[in-house]
Amino acid sequence: MEINKHYFDTIIIGSGLAGCRAAIECIENGTVGVLSKLYPTRSHSTAAQGGIGAALGNEEEDSPEWHTYDTVKGSDFLGDQDAIEIMCYDAIPTIIELEHMGVPFSRTVEGKIAQRRFGGHTRDFGKAPVRRACYSADRTGHAVLFALYEQCQLRGVRFFQEFQVIDIVIENQAIQGVIAINIKDGSIHVFEAKIVIIASGGYGKIFKVTSNAYASTGECLSMLFRQGLPLEDMEFFQFHPTGLYGLGILITEGARGEGGILINGKGERFMERYAPTIKDLAPRDMVSRAILSEIREGRGIDGQDYVYLDLRHVDKKILHERLPEITTFCKIYMGIDPSEAPIPVVPTAHYAMGGIPTDIDGRVLRDVDGSFVQGLFAAGECACVSVHGANRLGCNSLLDTVVFGRRAGKAASSILKSSTKGKVKKERLALIIECLEMLKNNKGKETVASIRKELQQAMMDKCSVFRTEEELKLLVDEIKTLKERYKEIEITDKSKTFNTDLLEAIELGHMLTLAEVIASSALQRTESRGAHYREDYPKRDDENWMKHTLAFQTEKGITFKYKPVKITRFKPEERKY
Amino acid sequence: MIKYYTFKIKRYLPNETPKTRWDEFRVKLNNMERVLDGLIKIKETMDGTLTFRKSCAHGVCGSCAMKINGKNRLACQTLVKDLPEIIEIEPLPSLPVIKDLVVDMTLFFQKNDKVLPYLINEEPPPQRERIQSPQDQHKILESITCIMCGSCTTSCPVFWSDKEYLGPSALLKAYRFLFDTRDKATEQRLKAITGQDGIWRCHSIFNCVEVCPKEIDITKHILKLKRLAIKKGFKGGQE
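Which chain is which? The protein sequence lines are A and B, in order. Sequential numbering from 821 applies to the first sequence in the numbering used here. Sequential numbering from 1275 applies to the second sequence in the numbering used here.
Be aware that one or more of the hints could be misleading.
Mimicking SDA-like on lysine to any residue, the simulated pairs with C-alpha atoms at most 25 Å apart in a straight line are [claimed, not checked]:
no., chain 1, residue 1, chain 2, residue 2
1, A, 1004, B, 1381
2, A, 1028, B, 1305
3, A, 932, B, 1367
4, B, 1277, A, 1265
5, B, 1355, A, 1154
6, A, 1004, B, 1438
7, B, 1413, A, 879
8, A, 1260, A, 1191
9, A, 1265, B, 1305
10, A, 1004, B, 1314
Derived from the structure by calculation, the hints contain no laboratory data. These figures come from a predicted structure and were not determined experimentally.
This is chain B alone, in the form it adopts within the complex (with noise of 0.2 Å):
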C-alpha cells in the first residue's frame, strides 16, 4: 500500500536568517517503508540540504536518534505506517542543534566517560576465560544492548532541567560494569555515580524507559543501582 505522507520538519541552517523555520515536504511512501526512507527520499529529490544522520538503517547503530511525533526514537526503526499521515520531525531535544536533525552530542557522550566505561580488573587473567555463570551474565544482558543513541538522556526531565545531571544512558553505562561479575571497580564506579550529579537525581519518571528503542528498563537498571550504593554505604541525600 502507497501512501502520501507530510513530513514537518524543524529546519536548523546556521548560515541563513532566519536560523530555524519548519519546512513542509510530501512524501510517498510504502508500508514497509521508515521515516528514514522519507527523510532519504526528501534529500534525494526534493532538498539536497536537508541533513540528518544516518547508518546501518536498521537499528543497531544508534546515529539516526530523532524526536518523531513528539517522542525520541530511530528514524530507522520507526515505520510511517504506524504514523499519522502528518509526521512532524525535529531534533532530539535539549542538545545543542549543529544543522537541522544532527546535534552535538558531545555532552552526552562526556557524560559516559565519567562513569568509567570500561572493565576494569587488575588481577592477572587466568589462562582461558574468566569464569561467569549464565546467572550472572544475564544480570547485564538487558544493559549490554544499548546503543547509545542519546534518546533516553534526552527525553529526561531531570537532564533538561540541569545538564550536570549523568542522565539515564551513562548510569547503564555504570550497571553494565557495577553489575558484571568480572569489574572489580566497585567502590570507584559507586563513587562516579553517587555524587550531587549521581544516581540519585533519577525520579523515576520512566520516560527514558518509554523511549528506549532498544526495549531497556533503564529506571529499573538505576533502582538497582540505588540498592547497591546503600548496600556499599553510599548514602543518598548528602553532600
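For reference, chain A alone in the conformation it holds in the complex (with noise of 0.2 Å):
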C-alpha cells in the first residue's frame, strides 16, 4: 500500500475552536497541519449558541473575580482554582482578541460588545444574575469559528479536511505524529510532527439524546487510554436542561437569560423551588435534576415526559434579533412560534467535562505524580484541565476552547525549538492498516448500527442525569457484552472512496472504550456533585471525594488513581442559588 508521508512542525487534531485558536499561534513559529474529519467551518463549534463569557462589564458592573467565584461554585468546588482563575481574568484580552480577528458580535447601543445573562454567573458572589455573556445573536460559536477559521487561512495554515485520525503515535513518552485515512479516496497518511495538540472536540454521540454532532464519537481520547494514558473525571457529564423534545436540538440558555422560564404540567414556574435567587438561570446540572424530577413526580406537560421552557412574555424583538435561530429551530422541527406558544423541552447530553487531563499549559499529563508526554497537548472539550470540575457554566466552554487553545498554542511554540521530530515507525503504521484491513473484511452477524443504538440508549437509560449503583453495575456488564459483540460486526461498504461505512465502525470501537470509561467512573464515585448524581448517595462528600478520577487501563481492567484539587481562594460551601 503506497503511503503518504508528511512533517509539519505542528500538528492539531480538529479545526473546532480549539484547533483554529492554536493554529493562530503555532503559525507564528513554524508549519502547522490541522486535521479534521469534517470541513473546518462544520466542526460542533459551530452549534454553540448562546454565548462566550467574560468579565468585560460592557452592560453592568462585573469583576473577573465574580466570574472566578461563580465557575469555581458551578464547577461544585471541583473545578482547579488555579486555572479557573487564569480563565477568567484571560477571558477579557482573549474576547477583546477575537473581536480585533473579526467576530461580529452583537452590539450595545454604545457599540461595544453586547451581554446577556446566563446561568450560574452573578454579580458581588451570587447576589443575582449578572449580564456577562458576549455573543452574536444566538449563533455565538459559529461567528467565533468562522473568524478563527478565516485568521488561520490568512496566515497560512494547511488544513487536511476530512481525514480521520485513526492512531495518535506516543513512543518512549513522546510524541511521534499522527495516523490518518483520507475519507476521499481512502489513502493512509502519515504525518510526523514535533508537537501535537488534540483538539478533537467531544463525545456526546454516546448517548441516545444529544445537542451534539454526529461527528462528536471522541475516539482520540479512546486512542490515548488504550495506550496506558489517564482519562480524568468522566464521571461528569452535562446535561442541558433545554433540548428539543423527542429531538435533543439545543435551545440555548440564553433563552432564560432574555427571560424565558420554565414551567410543569400545573403552570407552575418550579424553579422557584429549587433555586429561589436566580431561579431559571441555575447551573445546568440543577436545572436538569430539576425538570426530571418534576416529570418524575408526575408534573410533566400532561403528565407527560417533558415540560414547557415559555418565551411568549419576551418581547418579539428581543427574539427576532437575539434569539432568531432557535425561533427557527422551534418553527422547523416542532411546528411552533415559540412568541405564541411554549417550547417542549427535556435535558439532553450536551457536553463532556471530563477528558484528557492537562495542565494549564495544555500539556498532556500521563500521570498523577505531574508528568508529560513529550510534545503532546490538548485544549477544548477534549482536554480537562479542569476549570468545569463537576459542572460547567453556560458560556464557560467556548471560553474554555480560545483561553486554552491559545495557551497551549503559546506553550507548544515555546518548545518547538528544543523539540526533536517526531517518528513512526513501520511496524506501528503496519499494525494499524492490519487492524483496519481485518475491520474491513471481518465476517459476523452484528451491525455497527445496532450496537451503537444499544449503546446509546443502554448510556442514555443508566448513566445520564441520576445514576445508581446498581444500574450502573449492569451498564459496565452491557458495556463488555457489546465489546464482546463488536468483535463480531461486518461492514458492506468495501470501497476505499468515502467509506462511512468503515469509518462509522472505528468510531463505534472507541466509543465502547469510552462508554465503558464513564460508567465505571461514575460507579466508583460515591458521592453527588454537579453533573454526577447517584441517587444512593445523594450528598456531595467532601472528606473522601474532593479529588479528580483518573481512569487507566491496565492488564486487569480499568483502574483508578486520584489527583487532588487546586483550591486556592474559594473554601469549599454549600451550593445553593
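Both chains are sitting in their own frames, so use the hints and assemble them into the complex.
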C-alpha cells in the first residue's frame, strides 16, 4: 500500500475553536497542519449558541473575580481554582482579541460587545444574575469559528479536511505523529511532527438524546486511553436542561437569559422552588435535575415526559434580534412559534467535563505525579484542565476553547526549537493498517448500527442525570457484552472511496471504550457532585471525594488513581442559588 | 403519524459498472423525521454502502446539502411530512460527484478564497473592542449567517454554464467584509469581485435566494455590492 508522508512542526487534530485558536499561535513559529474529519467550519463549535463568558462589564458592573467565584461554585468545587482564575482573567483580553480578529459580535447601543445573562453567572458572589455572556445573536459559536478559521487561512495554516485520525503515535513517552485516512480516497497518511495538539471536541454521541453532532464520537480520547494514558473525571457529563423534546436539539440557555422561564404541567414556575435566588438561571446540573424531578413526580406537561420553556412574554423584537436561530428551530422542527406557544423541552446530553488531563498550558499528563507526554497537548472539550470540575457553566466552554487553545499554542511554540522531530515506525503503521483491513473484511452477524443504538440507549437509561450503583453495574456489564459483540461486526461497504461505513465502525469501537470509562468512573464515585448525581449517595462528600478521578487501562481492566483539587481562594461551601 | 416513503436515490459508485444508477428504498418515518433520518435508516438497515455527509443534524453546519425533489436543501432541515410520498434525491448539481450524494466541494471553497475571506485592518487595534454601532452590525447580520452549504452556488444557472464565476456564496462572503465597518480592504476586495467572473455576472435569477436554508436574500446583497462598486468607480460591463 502506498503511504503518503507529511511533516509539520505542529499537527493539530480538530478544527473547531480550540484547534483554530491554537493554530493561530503555532503558525507564528513554524509549519502547522490541521486535520479535521469535516470541512473545518462544520466542526461542532459552530453549533454553540448563547455566548462566550467574559467580565467585560459592558452592560453592567462585573469583575473577573466574580466570574472566578461563579465558575468555582458552578463546578461544585471540583474545578482547579488556579486554572479557573487564569481562564476568567484571560477571558477579557482573549475576547477583545477575538473582536479584533473580526468576530461579528452583537453590539450595545454604545457600540461595545453586547452581553446577556446566563446560568450561574452572578454579580457580587451570587447576589443576582449578571450580563456576562458576549454573544452574536444565538449563533456565537458560528461567528467565532468562522473568524478564527478565516484568520488561519490568512496566516497560512494548512488544513487537511475530511481526514480521519486513526492513530496518535506515542513512543518513549513522547509524541511522534499521527496516522490518518483521507476519507475521499481511503489513502493512508502519516503525519510526523514535533508537537501534536489534540482539539477533537466532545463525545455526546455516546448518548441517545444529545445536542451533539454525529462527528462528536471521541475517538482521540480513546486512542490515548488504550495506550495507557489516563482520562480525568469522565463521570461528569453535562445534560443541558433545554433540548427540543424528541430531538435533543439545543435551545440556548440565552433563551432564559433573555427572560424565558420553565413551567411544569401545573403551570408553575418550578425553578423558584429549586433555586430561589436565580431561579431559571441556576446552573445546568440543577435545572436538569429539577426538570426530571418534576417529570418523575407527575408534573410534566399533561403528565408526559417533558416541560415547557416559555418565551411568550419575551419581547418579539428580542426574539427576532437575539434568538433568531432557536426561533427558527422551533418553527422548522416543532411547527411552533415561540412567541405564541411554549416550547416542549427535556434535558439533552451536551458536554463532557472530563477528558484528557492537562496542566494550565495544555500539556498532557501521563500520571498523577505530574509527568507529561513530551510534545503532546490538548485543549477544548476533549481536555480536562480542569476548569469545569463537576459541572460547567454556560458560556464557559467557548471561553475554555479560546483561552486554553491559545495557551496550548503558545506553550507548544515555546518548546518547538528544543523539540525533536517525531518518527512513526513502520511496525506501528503496519499494525494499524492490519487492524483496518481486519475491520473491513471481518465476517460476523453484528452491525455497527445495532450495537451503537444499544450502547446509546443503555448510556441514556443508566448513566444520564440520575444514577445508581445497581444500574451502573448493569451498564458496565452491558458495555462489556457489546464490546464482545463488536468483534462480530461486518460492514457492507468495502470500497476505498468515502467509506463512511468503515469510519463509523472505527468510531464505534472507540465509543465503546469511552463508554466503559464513563460508566466505571461513575460507579466508583460514591457521592453526588455537580452533574454526577448518585441516588444512592445523594450528598456531596468532600471528605472522601474532593479529588479528581484518573482512569487508566491496565491488564486488570480499568483502574483508578486520584489527583487533588487545587483550592486557592474559595473554600468549599454548600451550593445554593 | 407514521407513513411509508419511497426514497429514490441517485447513486454514483465509482468502482462499479455502470457507475450511475437510481435505487429505491421504502422507509417508514414519523412526521417529525427529516430526510436525513430516512437516509440514515436506509444506511443502517438496508444498504450500508449508501454515502452522504452529515454532522450537526439541525441546519447549522452545512454538511448535508443535496438536491431533494428538484431543489437544493439541507437533508437535516427538510421534514418528510412536507414532501410527497416519493422523495427523489440527487447530489448537489454541477460539482463533481465523489460517491452517491457526496460531491467534491473543492471548487466551491476555492471561489471563497478569491474574495479575501478574512477581516483586514492593519491599523493598530485599540485597547478594548473596536466600536461598531448596532445599526452598522445589522448591515452584515444576514450575511454572517451563511453556513457555506453550497446550495446557492450550485443552484445558479450562471455557475452551471461557467465554472469561473465566483457565485453567490463567495460574493456574499465578500459582502460580509465589505460592509463590515471594521474592515479596511475595500479597494482590494472590490477589485477581486469586479473582474469578468465577479458581481456583474449575476443576472438576478434569484435561484440562490429560493434555496438558501438560512433564508438569506443573497441577490439583494449582490445588488448592494454592485452599487458599492459603481460608487467606488469600478464600472460594470468592462474588461
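Hints, one by one, checked against the model:
1. A:1004 / B:1381: Holds - the C-alpha atoms of residue 1381 of chain B and residue 1004 of chain A are around 15 Å apart, at most 25 Å.
2. A:1028 / B:1305: holds, 19 Å
3. A:932 / B:1367: Judged against 25 Å, a Cα distance of about 43 Å means the pair is violated.
4. B:1277 / A:1265: Violated, because 29 Å separates the two Cα atoms, which is more than 25 Å.
5. B:1355 / A:1154: Given pair residue 1355 of chain B, residue 1154 of chain A holds - Cα atoms ~12 Å apart, limit 25 Å.
6. A:1004 / B:1438: At roughly 24 Å apart (the allowed maximum being 25 Å), residue 1438 of chain B and residue 1004 of chain A satisfy the hint.
7. B:1413 / A:879: Satisfied, since the Cα-Cα distance of roughly 22 Å is no more than 25 Å.
8. A:1260 / A:1191: violated, 37 Å
9. A:1265 / B:1305: violated, 32 Å
10. A:1004 / B:1314: At roughly 20 Å apart (the allowed maximum being 25 Å), residue 1314 of chain B and residue 1004 of chain A satisfy the hint.
In summary, the numbered hints that this structure violates are 3, 4, 8, 9.
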